[in-house]
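With the hints as your guide, set chains X, V and F onto chain R.
Protein chains in written order, with the working numbering: chain R, 1 to 506; chain X, 1 to 506; chain V, 1 to 506; chain F, 1 to 506.
In short, the hints are calculated from the structure, not lab data.
Some hints here could point you the wrong way.
Said to hold, decoys possible - Just some of the chain V residues that point at chain X, by a computed CB distance under 10 Å:
1. Y19
2. A190
3. I231
4. S256
5. E400
6. Q445
To be verified - With beta-carbon atoms standing in for the labels, derived distance ranges:
7. F:S453 <-> V:D122: 56 to 64 Å
8. V:E396 <-> X:P265: 50 to 58 Å
9. F:R66 <-> V:V75: 35 to 43 Å
10. F:E495 <-> X:G210: 34 to 42 Å
11. X:E78 <-> R:V75: 18 to 26 Å
12. F:R66 <-> V:Q63: 53 to 61 Å
No residue lacks a Cβ here, since even glycine has one placed at the ideal position from N, Cα and C.
Spelled out from the first residue to the last, the chains are:
4 protein chains.
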Amino acid sequence: MIRTGEQYLESLRDGRVVYVGGELIDDVTTHPKTRAYAARTAEFYDMHHDPELQDLMTFVDDQGERRAMIWYRQVDHEGLVRKRTYLEAIIRKFDGGSTPRTPAANNTCLITYVDDPQPWSDQSIGTGGRDLTAGIREFYQLVQDNDYNCVPAFIDPQVDRSKDRTQVDSPALRVVSTNDDGIIVRGVKAVATGVPFADFIHLGVFVRPGMPGEEVIYGAVPVATPGVTVISREATVKDDPVNHPLASHGDELDCSIIFEDVLIPWKYVFHIGNPEHAALYPQRVFDWIHYEALVRQYVRAELMLGLALLMTAHIGTYQLPPVQVRLAKLVEFHQVLRAFVIASEIEGFHSPSGLFKPDPLLFNMGRAHYLENVKNIVGEVIDLAGRASLLFPSEEQWNEPALHDWLEQLHTGATGRPHDRVQISRAIRDLFLTDWGDRLSTFEQFNGSPLLSIRTLTMKRADISPTGSIADLAREVCGLSAESDAKSAYESQAEYARRLDSAAAR
Amino acid sequence: MIRTGEQYLESLRDGRVVYVGGELIDDVTTHPKTRAYAARTAEFYDMHHDPELQDLMTFVDDQGERRAMIWYRQVDHEGLVRKRTYLEAIIRKFDGGSTPRTPAANNTCLITYVDDPQPWSDQSIGTGGRDLTAGIREFYQLVQDNDYNCVPAFIDPQVDRSKDRTQVDSPALRVVSTNDDGIIVRGVKAVATGVPFADFIHLGVFVRPGMPGEEVIYGAVPVATPGVTVISREATVKDDPVNHPLASHGDELDCSIIFEDVLIPWKYVFHIGNPEHAALYPQRVFDWIHYEALVRQYVRAELMLGLALLMTAHIGTYQLPPVQVRLAKLVEFHQVLRAFVIASEIEGFHSPSGLFKPDPLLFNMGRAHYLENVKNIVGEVIDLAGRASLLFPSEEQWNEPALHDWLEQLHTGATGRPHDRVQISRAIRDLFLTDWGDRLSTFEQFNGSPLLSIRTLTMKRADISPTGSIADLAREVCGLSAESDAKSAYESQAEYARRLDSAAAR
Amino acid sequence: MIRTGEQYLESLRDGRVVYVGGELIDDVTTHPKTRAYAARTAEFYDMHHDPELQDLMTFVDDQGERRAMIWYRQVDHEGLVRKRTYLEAIIRKFDGGSTPRTPAANNTCLITYVDDPQPWSDQSIGTGGRDLTAGIREFYQLVQDNDYNCVPAFIDPQVDRSKDRTQVDSPALRVVSTNDDGIIVRGVKAVATGVPFADFIHLGVFVRPGMPGEEVIYGAVPVATPGVTVISREATVKDDPVNHPLASHGDELDCSIIFEDVLIPWKYVFHIGNPEHAALYPQRVFDWIHYEALVRQYVRAELMLGLALLMTAHIGTYQLPPVQVRLAKLVEFHQVLRAFVIASEIEGFHSPSGLFKPDPLLFNMGRAHYLENVKNIVGEVIDLAGRASLLFPSEEQWNEPALHDWLEQLHTGATGRPHDRVQISRAIRDLFLTDWGDRLSTFEQFNGSPLLSIRTLTMKRADISPTGSIADLAREVCGLSAESDAKSAYESQAEYARRLDSAAAR
Amino acid sequence: MIRTGEQYLESLRDGRVVYVGGELIDDVTTHPKTRAYAARTAEFYDMHHDPELQDLMTFVDDQGERRAMIWYRQVDHEGLVRKRTYLEAIIRKFDGGSTPRTPAANNTCLITYVDDPQPWSDQSIGTGGRDLTAGIREFYQLVQDNDYNCVPAFIDPQVDRSKDRTQVDSPALRVVSTNDDGIIVRGVKAVATGVPFADFIHLGVFVRPGMPGEEVIYGAVPVATPGVTVISREATVKDDPVNHPLASHGDELDCSIIFEDVLIPWKYVFHIGNPEHAALYPQRVFDWIHYEALVRQYVRAELMLGLALLMTAHIGTYQLPPVQVRLAKLVEFHQVLRAFVIASEIEGFHSPSGLFKPDPLLFNMGRAHYLENVKNIVGEVIDLAGRASLLFPSEEQWNEPALHDWLEQLHTGATGRPHDRVQISRAIRDLFLTDWGDRLSTFEQFNGSPLLSIRTLTMKRADISPTGSIADLAREVCGLSAESDAKSAYESQAEYARRLDSAAAR
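Isolated chain R (complex conformation) (with noise of 0.2 Å):
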């Protein structure tokens, strides 16, 4: 039942109209800018049929069938474990994580929806008083029996934000019409990435000052629907697996999308209209992708200091005081990202629907944490490495009989063999200074939601206020009587979001 990769890759096979740089995408199985990911992303389903990870890829659910981990529904803190436990072995499989977004991280935007479908259907403006509650359900349902990858489409045009009626003239996806079959959207979707290698778009908004109600739309559309047209930036895999084993393993390309007057049938409609409905959702859709992304983020620091410590000890600087203390800068900052991990889900709650959530403070702090310090971790990376990071030979240059004595001698080192440096230089190069390593960490810093956002929202999220109890110490010594009642900004907004957010926020 579980997805093999070969069914996955003759699903791609649909007409999709892919466009990637100036190309127009015949068949993304097989075109050389599109091959390797798609390849990659079978492998992904083929890894829930490996026998030795049966436990961790997969689980059996209420009604006896075994299922990919994907969908597993986690209720304590055992459970949350186990699910970020098969997180973490995909990230790990896949070059710890250089492959964003698979299948199990793109599918947990789902969740959002189904764990509490009721105000997404009470709160739309538009639908003739439709229930869209049972097409969520049922959307879900769908999705799990297949394995389906739906890809988060959420960003809109970078419109002028210096001038008062820019949302309206946008070139932004909106509603042009309903009709008892669906609704017709028209419009673009400025950023979605993996759409080449999607079942479903999954639409949504981030909803901005004076967005109007046609705008927001939240709902799923098949990636080979007539009308939907998806534009891809140039690809930056490189298509040489032995001079460059990262960066050959695909790029899952970010994509604008137009649609040109696409029914989207109301089973499909998730909530339309509302834009202080969508309001509450800037984040919270997104919290099971970001918890992802904090694991991630932890797994490529552990990956950051392990290409530290095996460049360090080739090139003979390891037992060096001075770079033993740059080391413990890259082992604190791992340790941080493993602190939040840990403690997102020790200090996890019961999500609507009964799901073990994890503290989304804590995981949006180490995200805005891995943010603001990645860069001078990497540069650390790179200068650790020194020259080692840019000149290296070509495997072409090592076997060529009059070089290859020489480049022997020239990569001694202080442990392993001669080979191994150029192997620890082509990773550390394809990480982090060529386009597809750039691209990973661009993506990074924009995914969702940027380090700015991430601040900004924290603020509207928690409920961190000088009316809260986080301020009662700093009352206490400054010897001011307890705050009154006054609600903060925070516990003004509607409960069914913020019940999203933490047991006590309820």
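Only chains X, V and F this time, still in chain R's reference frame:
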């Protein structure tokens, strides 16, 4: 049975020789330079007799005796959280960590000996084969039975590190002779905090390259022993509780201690003579107080966040988006420390005697994070308060009829009463802009181990090395074969030391 | 003709109403809270009579009269360097910038008016058409002829920025009526430094959105005017020159000033009534004192570097490679400020009256650099000094026979005499770890304009915009055509204001 | 007489042995991996023949001959500014410093020899008493007369610093024998930039502890000499000028060079054999190219600021206050570097041969500042551009009729034409998010001396020591007597080396 404040104060009047600044203190409980802190410590003891706090501050031991929670032996995660809740309550009560060296903190430094006394005795050189383990156990029982306050004195004179023989020529404390009664010591311990308020000086060393065996002394000496002279820097206490609500709470006084041919009986000797053994304990003796330090730093971060919230709310800047972003950084600082506390506890392990001990790697990296960032965080609190951190009326000015109405107008804010702002200002000023507050910050910066030492020692203590499992992911990503079983420098350390670090380290 | 210290002190005994902390000061030249700073300022005046310093401290003006160098009008680069050399000499003499607001600094704030008085008069509203230019010129002459000390008082009460009408309801100083003699003012100037030691209060405003015209007042008021009450925060001076060689040199006192229906005669009025005019001068009036501030910061950086060199040499860490690297960062900090001083001078231009003025963009960015980094630099100085910044003997302890030999041994270092270390420790402690030193740092942080303001105002004042020449290179690299002649926001400002900024700005 | 681009290209077809990645390049002027950079360098030469640029690019020497400004001997501040203007013009022309190693930069590394050749000859060991000074002078004349391009090759193999004998066992280039014709060398120079595009390899060493005398070689070798093999890392050039307007301009290629028993005639030998002499030149040979590097970094900072201004103006965020503050930080970065360039020039001095040389302390601290901060500045540019740094259409997509109108709408901004944003995006992407751009950053990070080396060498080279005048102010403030005339480590260096550092250093 639990010591009372009155009993404690009485015991301080014992003829101890204490200089503070230019004065020889006749009675530390009444002299203006010392009485506030002595009273503060008496208050600490009395808290244990408060009926409302009984469950928090005390426990009933195996013999059915109620004791101060200082002495509670936690054997699992729940017990550790209980212990931390106790420590945290004291920290909160005493102005968010403004008296770092309470007896509850100081006495944790004795745990390491009693946790595993055998190596301390076995590795000694110069004891004539005496078994020191019984003495270690009995001393710990003595301290428990009397709720004594034992302050650590480990730091030796700051000798010229640019010369070779400096360890030998320094005035550092050393054994000058031994006899049947004990050891005779002479010399200086250069830094010890709170000695004027202690019952015992707990002697130890941070071993340095070239340190001669006679300087390696671990043991205990009553403060009032003849030949012991305590020299404190000038006191920073402010004798004005209204204008200085925090700085009037006493200064715990950092001291040098001179020992002029002082006899330490064998029962108070924990170890002598072996630099190699001592080299294994630069941090391990202090593990428990370092964990307590992290808890204090976490509470302090909450206090700083709270003060910034209260002040920005009062001056009306709280809602401004750039202020929100800056407050979010204070939130992140607080959450990082929270995550480290929580994670170090859940990742705890059992020490040799079965105590449940938090993960040192996590609590040490937490401390490193605090020290690295606290200066900027304090700067932010001051900057967010603006002029209100510096320029505000004294209570006398506030009450002066000619000025009162003007001052009230000047301090009318967006929330609260006008005088509230003055109170918040005083707290910020006392904590960050006085002799008293600066001493607290400087103490934290050097307490036990400054940032550089934490980092250096972490690399020495933790099993983070190119041959360790931490580099497994990097090796896999680079396509390198698994490491041979080369021993890391860490693994070459004595097993009895490593088992204090984690379950995995054994 | 040049004022003597004795003349200055005499003039302070004039019935001024000054509260410091809880006390009403009878005579600022004798009261323990104020006498040290008054004496310091008298010393400033006497320096101008020192025959050895005559060429440095004085000049002969066009009329053949010898005057204090304060009044020297530099008309070229050489003259500017001469002026700076004078300012720098005072800064060095007074403990490396520990009395920032000398008369030489304060009086520079008057230059902008006399440099171009016409706009100040012409743009006034509510003067009944009076010409204020003669008064501006005569006042400047009066101050010159008497070497008066005029302190700026510009900052208004910290009103609730979250409310709309706060500018109107605040107790800020305002014109309550005008008549033939002058203007009657009432209200508060919230922050002014050194008022108890000044001859005149120099009134001005930093205009804020919504400020009513009646709060816009630029002019001068003698401190001893009836109706003027000066309220200073508590003094931080330490009355112990031996143990506190720096902190005993006086506290210049930050004050609020209450004006209760005070008449300011027209001859002392520079401008009233026009917020739009005032909006052009948030920094420009302070340009000269900001340049002086950069010179002070540059000298302060040299002092910090010097202290770190002396201390690390004494404790023997100077030669250690990691210490060398940390000292190099202090060197860099010093050199950045040196570069800014030098470059702002060589890039100077002629102001409206022909003064040679340093480049504001450069000296302001220099100040921004200082403020952004100084906390970490101070942290480094303290950290490099280690315990020696905190724990060292008082002079009384040093001289105590029972302690002396031990203390001498404890402070024997790699270089110099043992007592030297104590002296270096005292300087570091006084500068960075006392009420007095903290006030100096906090003053620098908020003096005139904190970091955020410098940045915001730089973007408002400097011709750095997407349409400016600064983007020419970027346009060329991007292959974009040259910008049309769209005016930048900066270029839309009044030309009479822009010509204070640079030659190019005209 | 000045070389033309065509002459230059012709001279490259000389049988040189160059491997780039997997290929042996037949003709560097035509091969796709190398032709773009060769053409770029030809363009450099042709700029000197542009009649409009004649005054900027050339000068008439004492013999009345017009020469490239490379060879201009500045003897005063004005002349130095003229030289910098020339260097700056080239840097601006070539994409704001995207081809760092032009002949104008490379050849500056020869100045130090010809500036004072005597010590190079006198201090040599193993020349049989030959006078090398005539050769040094003649070689410099030869290079001038032919406008040759001489690339420095100083960096030796990255040997295991954890072992003792590594200097001896390394494959580093060394003298294997000498004879009447010259010296025979064998071994590797590990890193040299732009060798495939050079006429001569300029050999030198950075001496390391334990380096044997035979590895100390300073001299010159034509690239096309038999026995010389050049091994370059893979090229990062993008062969697509439309989509990659910058990255298509060529990659200067970092190389290792193998010398298999190559004869260097005595006329091309500048120095051999003396590690003590070589130890004085870790940076001094590179002083002139380091000054050029600072000029490049200054221009690069201007480009980054300009790109951020253009992009934020286009996407309409430029006017937002938080964006203004962030742009102000880019302004500060630019102004710091501007200040360092200006100040290092005005603080210049005369070198042994009378050249006017900028102050090394200032230009080196400027470089340190750049390296320390550039990562965060780049991060800011990318962050301010947001998604536009990553996701934008290819030119082919832009021109595709099915997509054009949508893409135009998507890129309509607050200013300029829609396609402008794509062009700004391409520049940002090419500079910071490609293999090509990453190589530029990494080159800058390690070029000559990384941050740590700059700091370490500054402390070794500059007279900044506890006994120096830099500590005078601190000594005075501490009340310490003036320093005895103890010599600092710096002052103990050979005077002939110190006189390259400043006028004061003599």
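These are the hints, each one checked on the structure:
1. Y19: holds, 6 Å
2. A190: holds, 6 Å
3. I231: I231 of chain V check passes; min Cβ-Cβ to chain X is 6 Å, inside 10 Å.
4. S256: holds, 7 Å
5. E400: holds, 7 Å
6. Q445: Given a least distance of 7 Å, the restraint on Q445 of chain V holds.
7. F:S453 <-> V:D122: 56 to 64 Å: Holds - the Cβ-Cβ distance for S453 of chain F and D122 of chain V, about 59 Å, lies within 56 to 64 Å.
8. V:E396 <-> X:P265: 50 to 58 Å: Because 34 Å falls outside the window, the suggested range is violated.
9. F:R66 <-> V:V75: 35 to 43 Å: Holds - the Cβ-Cβ distance for R66 of chain F and V75 of chain V, about 40 Å, lies within 35 to 43 Å.
10. F:E495 <-> X:G210: 34 to 42 Å: Since E495 of chain F and G210 of chain X have Cβ atoms about 37 Å apart, the given range 34 to 42 Å holds.
11. X:E78 <-> R:V75: 18 to 26 Å: Holds, since E78 of chain X and V75 of chain R (Cβ atoms, about 22 Å apart) stay within the stated range.
12. F:R66 <-> V:Q63: 53 to 61 Å: holds, 55 Å
Consistency note: the structure conflicts with earlier hint 8 alone.
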